[in-house]
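Student: So for the sequence shown, our numbering puts the first residue at 52; every next one is plus one.
Quick caveat, the hints were computed from the structure, so don't treat them as lab data.
Warning: the hint list may mix true and false statements.
Simulated DEER-style distance windows between Cβ atoms [stated by the list, open to error]:
| hint | residue 1 | residue 2 | range |
| --- | --- | --- | --- |
| 1 | Leu347 | His145 | 18 to 26 angstroms |
| 2 | Gly210 | Ile280 | 39 to 47 angstroms |
| 3 | Asp163 | Ser206 | 15 to 23 angstroms |
| 4 | Thr173 | Arg311 | 48 to 56 angstroms |
| 5 | Tyr324 | Phe125 | 35 to 43 angstroms |
| 6 | Thr233 | Phe92 | 19 to 27 angstroms |
| 7 | Tyr324 | Val88 | 35 to 43 angstroms |
Taking lysine-lysine pairs in the DSS-like style, the calculated list, with each CA pair at most 25 angstroms apart, reads [claimed, not checked]:
| hint | residue 1 | residue 2 |
| --- | --- | --- |
| 8 | Lys299 | Lys255 |
| 9 | Lys176 | Lys340 |
| 10 | Lys299 | Lys146 |
Heads up, the beta-carbon is just placed ideally off N, CA and C, and yes, glycines get one too.
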Amino acid sequence: MQSKFQTWAEWPTLLLLGATYVLFFGSAVYVYEISVVAGCFGMVLGVVLHSSLTHEMLHGHPFRSCFWNAALVFPALSVFIPYLRFKDTHLAHHKDERLTDPYDDPETNFLDPSVWRRLPKTMQKVLRFNNTLCGRIFIGPVISQFCFVLADLRSMIRGDRRVWLGWMLHVPSVLCVAIALTYFSNVSLFTWVMCAYVALSILKIRTYLEHRAYDDFRGRTVVIADRGILALLFLNNNFHAVHHKFPKLSWFELPAVFQRQKNAVLSENHGYYYPSYRQIFSTYFFKAKDQVAHPLWSGGEISDNAK
Numbered sequence: 052m053q054s055k056f057q058t059w060a061e062w063p064t065l066l067l068l069g070a071t072y073v074l075f076f077g078s079a080v081y082v083y084e085i086s087v088v089a090g091c092f093g094m095v096l097g098v099v100l101h102s103s104l105t106h107e108m109l110h111g112h113p114f115r116s117c118f119w120n121a122a123l124v125f126p127a128l129s130v131f132i133p134y135l136r137f138k139d140t141h142l143a144h145h146k147d148e149r150l151t152d153p154y155d156d157p158e159t160n161f162l163d164p165s166v167w168r169r170l171p172k173t174m175q176k177v178l179r180f181n182n183t184l185c186g187r188i189f190i191g192p193v194i195s196q197f198c199f200v201l202a203d204l205r206s207m208i209r210g211d212r213r214v215w216l217g218w219m220l221h222v223p224s225v226l227c228v229a230i231a232l233t234y235f236s237n238v239s240l241f242t243w244v245m246c247a248y249v250a251l252s253i254l255k256i257r258t259y260l261e262h263r264a265y266d267d268f269r270g271r272t273v274v275i276a277d278r279g280i281l282a283l284l285f286l287n288n289n290f291h292a293v294h295h296k297f298p299k300l301s302w303f304e305l306p307a308v309f310q311r312q313k314n315a316v317l318s319e320n321h322g323y324y325y326p327s328y329r330q331i332f333s334t335y336f337f338k339a340k341d342q343v344a345h346p347l348w349s350g351g352e353i354s355d356n357a358k
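Let the hints inform the model, and build the full structure from the sequences given.
Tutor: Right under this line is the structure:
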């Protein structure tokens, strides 16, 4: 399904991107001078929106040119993840038949049961806590960043030039933000990194239960029909089953497409649905939704009745 807005109505994305940069740098340069808390709050929101917009860019918005889409989000407000590495791993994640695969899905939190059994008990406790929403918010960014960097280091040692390129391009994208903050604001680099960490914690709310272990791969992706502030910060990616079905749709089209195709979407994803983030907080803040070991992993594959 091609977006009818693809060629002529991407202006909401461009306007929001401009507003995001104004929010982040305005909060750092001006608001921070009046109130440290308010300034940091604005920077956090700016980083969350910038991360969500980066997701839009790697899916081909607002331009047809990959170069210009990447250039729009070149300043690395979120510090931690190189754009090119995010693009490569995320597009690999969009191979829906491999969703939640402990080896082939770069974004999964499931482990091969044999790997899980070999982990020290202390690490198992940490990962169980990470499978609660509380854990995912507070320690999730540390765990995911550690695993991400470790995997990339292994790839770099093996001589993967694409991974090297991603990190090499990331250096100037971080430096341009660091220089701007140093010369035009009183925000320390440590404060910026902490704001980015909080932003990643907020983004972990979105990714917490985007996917589940399910035998039919079409039933692994959620719809959270929330239309509040979190949906705005996540650019409607809470309608995640719609996004995976139509990855070229712009963020502002997702809710309407879901409403038009609600019965079909919920039938296809086997009713994996939540009405709001409030329900998710109340149900899973201190309770794990999933076990860490993949429950359907057997013989190096996920059972899939759709195959």
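Student: Determine for every hint whether it applies to the structure shown.
Tutor: Hints, one by one, checked against the model:
Between Leu347 and His145, the C-beta spacing of about 20 angstroms keeps the proposed range 18 to 26 angstroms intact. Checked against the hint of 39 to 47 angstroms, the pair Gly210 and Ile280 passes, with Cβ atoms roughly 45 angstroms apart. The given range of 15 to 23 angstroms is respected by Asp163 and Ser206, whose C-beta atoms sit roughly 19 angstroms from each other. For Thr173 and Arg311, the Cβ-Cβ distance of about 49 angstroms falls inside the hinted range of 48 to 56 angstroms, so the restraint holds.
Separation of Tyr324 from Phe125 is about 37 angstroms and conforms to the stated range, judged on CB atoms against 35 to 43 angstroms. Range check, Thr233 to Phe92: about 21 angstroms between beta-carbon atoms, so the 19 to 27 angstroms window is met. Between Tyr324 and Val88 the Cβ separation comes to about 36 angstroms, which falls inside the hinted range of 35 to 43 angstroms. For the given pair, Lys299 sits about 23 angstroms from Lys255 by alpha-carbon distance, which is consistent with the 25 angstroms threshold.
Using a Cα cut-off of 25 angstroms, the hinted pair Lys176 and Lys340 holds, with the two alpha carbons roughly 15 angstroms apart. Under the criterion of a C-alpha separation no larger than 25 angstroms, the hint pairing Lys299 with Lys146 is consistent with the structure, at around 14 angstroms.
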